[in-house]
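The chain contents come next:
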Amino acid sequence: MEIYSIDSIKQERESIMKTKLSVMIICVLVLFSFNQLQGAETKYPTKEINYIIPFNPGGEVDIEFRIMQPFLEKSFGVRFIPDYKPAAGGALAWGYVMAAKPDGQIIGGFSSPHIITQPLTMKDVKFQTMDFTYLTLIENTPLTLCVKKGFPAKTLKEFIEYAKTNKVTLGAVGKFSGNHLAAVQFMKMAGIKLTYIPYDGTGTLKPAIMGGHVDAVLSTSTAAVEMKPMEVAALAVGTEKRMKQLPDVPTFSESGFKFFPRIDRGIIAPKGLPKDVFDKLDKKLFEIVSNKEFQAKLVEGGFVPNPMNSAQITKYINEQMAAIKKLIEEEGLLQLKK
Amino acid sequence: METINYLLQGAQVAFEPMNLMFCFIGVLMGTMVGVLPGLGPTAAIALLLPVSFHIPPVSTIIMLAGIYYGAMYGGSTTSILVNIPGEAASVITCLDGYQMAKKGQAGPALGMAAFGSFIAGTFGVVGIMLVAPPMSKFALAFGPAEYFSLMLMGIVIIIFMSSGSILKDLMIAVFGLLLGTIGMDSISGTQRLTFGVLELADGIGFIPAVMGLFGVAEIITNVERIVATTLVTDRVKNLLPTLKDWKESTWPILRGTVLGFFVGVLPGPAPVISTYASYAMEKKLSKTPEKFGTGHIVGVAGPEAANNAASSGAMIPLFTLGIPANSVIAVLLGAFMIHGLQPGPMFISNYPQVFWAAIVSMYLGNVMLLVLNLPLIPLWVKVLKVPYPILFPLILIFCLIGVYSLNFSQVEISLMIGFGVLGYLLRKFKFEMAPLVLALVLGPMMEKNLRMALLMSQGDPFTFFKRPLSAVFIGVCTVLIFSVLIPGIRKKREKMQETLGEEEA
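Just so you know, the sequences run in chain order A and B. Under numbering that gives the first Met the number 0, think of the first position of the first sequence as 0, with each following residue one higher. Under numbering that gives the first Met the number 0, think of the first position of the second sequence as 0, with each following residue one higher.
Just so you know, the hints here were simulated from the structure itself, not pulled from any lab data. Hints may contain errors.
As the list claims (entries may be wrong) - In silico lysine to aspartate or glutamate, EDC-like type, Cα no more than 20 Å apart, as pairs:
hint: 1; chain 1: A; residue 1: K125; chain 2: B; residue 2: E198
hint: 2; chain 1: A; residue 1: K166; chain 2: B; residue 2: D459
hint: 3; chain 1: B; residue 1: K136; chain 2: A; residue 2: E225
hint: 4; chain 1: A; residue 1: K122; chain 2: B; residue 2: D201
hint: 5; chain 1: B; residue 1: K136; chain 2: A; residue 2: E230
hint: 6; chain 1: A; residue 1: K192; chain 2: B; residue 2: D459
hint: 7; chain 1: A; residue 1: K122; chain 2: B; residue 2: D184
hint: 8; chain 1: A; residue 1: K125; chain 2: B; residue 2: D201
As the list claims (entries may be wrong) - Simulated DEER-style distance windows between Cβ atoms:
hint: 9; chain 1: A; residue 1: T45; chain 2: B; residue 2: G417; range: 39 to 47 Å
hint: 10; chain 1: A; residue 1: A310; chain 2: B; residue 2: G458; range: 48 to 56 Å
hint: 11; chain 1: A; residue 1: K100; chain 2: B; residue 2: S404; range: 18 to 26 Å
hint: 12; chain 1: A; residue 1: K270; chain 2: B; residue 2: L129; range: 56 to 64 Å
hint: 13; chain 1: A; residue 1: T45; chain 2: B; residue 2: F407; range: 19 to 27 Å
hint: 14; chain 1: B; residue 1: Q457; chain 2: A; residue 2: S74; range: 54 to 62 Å
hint: 15; chain 1: A; residue 1: N290; chain 2: B; residue 2: T2; range: 42 to 50 Å
hint: 16; chain 1: A; residue 1: P151; chain 2: B; residue 2: N4; range: 33 to 41 Å
Note that the Cβ used here is the ideal one computed from N, Cα and C, for glycine as well.
The shape of chain A in the complex, shown without the other chains:
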């Protein structure tokens, strides 16, 4: 008996559902035609948004996205799906974002100065730095100058004096990377010449300085904190104010250098977004990156929050690009791209 009744209830429900569904479909169709006529007020976003991650899972852009994902999904009311396209230091993924349909369904993370240096220095890159809509800036990670155990210089001043008369090797991650350019800029500002040794990643850079194979490294502040017990001394950090995690390490500007080496990370979309989609993304993303709860989580992950909206980040990238172009030209680094 009971089975019967459950079945009949089910059937009834189903028929109600069916009516509801058809009503809804009609409504949607009406709305749709209405929209067509009016040409205004889209309901973006209506389906899940793909978030392109240009590096490996576990890298900074991935960690940042994972922290941001719940905030994004709450604010936009749709799922954000990470899509990893790691290759060529991010260039493959950014080429993909550039060529994507500008409907707001595909957005992605970017790192600067990577997105600026690649079109300048790599041959097969399909995009130019300004081929994107820059939506927001989220955070940065400052770089620190560290020296090996037993290195004669104890301060930034002593380091520069020492390097003027002695051969000093400086290790950092990559060539034409943010770290490399920071190293070039530092040498220029300090008026010294160091032998630059490029490493693959922080993973191989750390044992190199701990084993004393390079004299100094320009490395992320998180690595500097980690290597402190191994008697690798941080001489200067690239923030405006001293970092909480490294209270006894002075900033570069304390020694008179206007030098803030860091990697910036934010979000881009293809160029030519519809106005309403752009407005919504700009407003909501800025709300998230300014959210105190979100920022606290970033700090926990070792990042320095630095919220900017679309207009601010576009201006910032333009300025950075001009500075980097100038640096690359002056230092004669451009001869590589024919």
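Model the placement of chain B on the given structure of chain A, informed by the hints.
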């Protein structure tokens, strides 16, 4: 005390139900590929890599390591029952194992192989535990010059030890180094030989290459030759060796363990070499050398113990220096990198939970293998009967799906197929695959370290001879290369190649 503490923490992770399951899957898969002729642990690990992408790093390492030592167990089964080695490290086991099976002693042969493997595996794990942590402190002394010389030595040793022609091995190693130059030159930042394909900017993907060379090529090769599986017996009785067997085998097992472990630490196809070395040693030490080859249990026990210990030993350079000693370990290295774990001097201190959990899981895995495999032997016999026309297309499909699921890149599928065809041709022309794979993996690292060392020494090439450790490695390379020219050694190598050739045919 510290070690015990870490070990307990590792045990905690390894005993999590999920990790126990992955350990189980690993050793089971390992045994299966060990049993199946034509599919080795390299191909199996490469096949499972894309899957491992979606599980936590600790579980991945546990599972993939399980495949590696599991295959050493499984390989002996086919050697004994069918006279076809399941993988290269079990070639020697055919000599006496199959003879024993013919005499109706398949049970004790299989049993002793399993017990020998278990004992050696356990000792091997203890060895890693004792040697790896102090070794990684020492490894900080390795600068670019030392890394370069060590890798050079690795390639020279693998060429010297391989069973093929030295000339061909040199050719194929150089070819591998050349392939390794494709992609971004990390010192100058320019792209080389990418022909505008952005997917190649990071170099040739290692996984498509290995899956092509070992997976696809293996299948193409097997399709054209009919593998006749003639089982000696369907029923295997008396798996537990008798007291007399034990008496004969205890010392060979222990000797094989020690020998295998130290051969394993050296670069080269350690598990394979260690079996030959152990067999030769036992024959020399034996009072009855004439019994070898006629179904002597010692000829099974020693080599089977040696290959397991060697597979543990080979983990040490991986964990402490981040350098793969052979092609299986090279694939494992790839797995570490995918998960963002950088093997090297800092590995054990950076990821103690991963390292110690892996160690504990190896203990567990060895127990599982022993408990599982003795009763499961009838099942493996059945697996051997799966017709190849069903098995091969399945593996091929796994390869295709697997490589695509990694980066969703069609370029990598084409690469894998290309390498499959290349691997097939290389096999036809009797080139060894190991120098190619090792050179492909080590090439970019070697080049980078060579150039970094030169940058640091302000362009002085003698830096490689001035630094003592590096000088030792270079010295070993020189001695090995020139020793090939000495008539006595040359004859011995040729003789070894002949016997190897016969066994493989």
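Assessment of proposed distance window 19 to 27 Å (beta carbons of T45(A), F407(B)):
25 Å, holds
Do the alpha carbons of K136(B) and E225(A) lie within 20 Å of each other, as the hint requires?
Answer holds: K136(B) to E225(A) is near 17 Å, not above 20 Å.
Would you check the hint for K166(A) and D459(B), treating anything up to 20 Å between C-alpha atoms as holding?
At roughly 14 Å apart (the allowed maximum being 20 Å), D459(B) and K166(A) satisfy the hint.
Is it true that the C-beta distance of T45(A) to G417(B) lies inside 39 to 47 Å, as the hint says?
Since T45(A) and G417(B) have Cβ atoms about 42 Å apart, the given range 39 to 47 Å holds.
Against the range 48 to 56 Å, how does the distance between the Cβ atoms of A310(A) and G458(B) compare: consistent or not?
Holds: the Cβ-Cβ distance is about 49 Å, inside 48 to 56 Å.
Using the C-beta atoms of K100(A) and S404(B), is the stated range 18 to 26 Å upheld?
Holds, at about 25 Å.
Within 20 Å, alpha carbon to alpha carbon, are K125(A) and D201(B)?
16 Å, holds
Given the proposed pairing of K192(A) with D459(B), does the C-alpha separation stay at or below 20 Å?
With Cα atoms ~19 Å apart, K192(A) and D459(B) stay inside 20 Å; holds.
Verify the proposed pairing of K122(A) with D201(B), using a straight-line Cα cut of 20 Å.
14 Å, holds
Restraint status (C-alpha distance of K122(A) to D184(B) at most 20 Å):
13 Å, holds
I want to verify a distance hint. Is the separation of the beta carbons of Q457(B) and S74(A) within 54 to 62 Å?
55 Å, holds
Kindly confirm whether 56 to 64 Å is satisfied by the beta carbon distance between K270(A) and L129(B).
60 Å, holds
Figure legend: structure checked against the earlier numbered hints; every hint is met.
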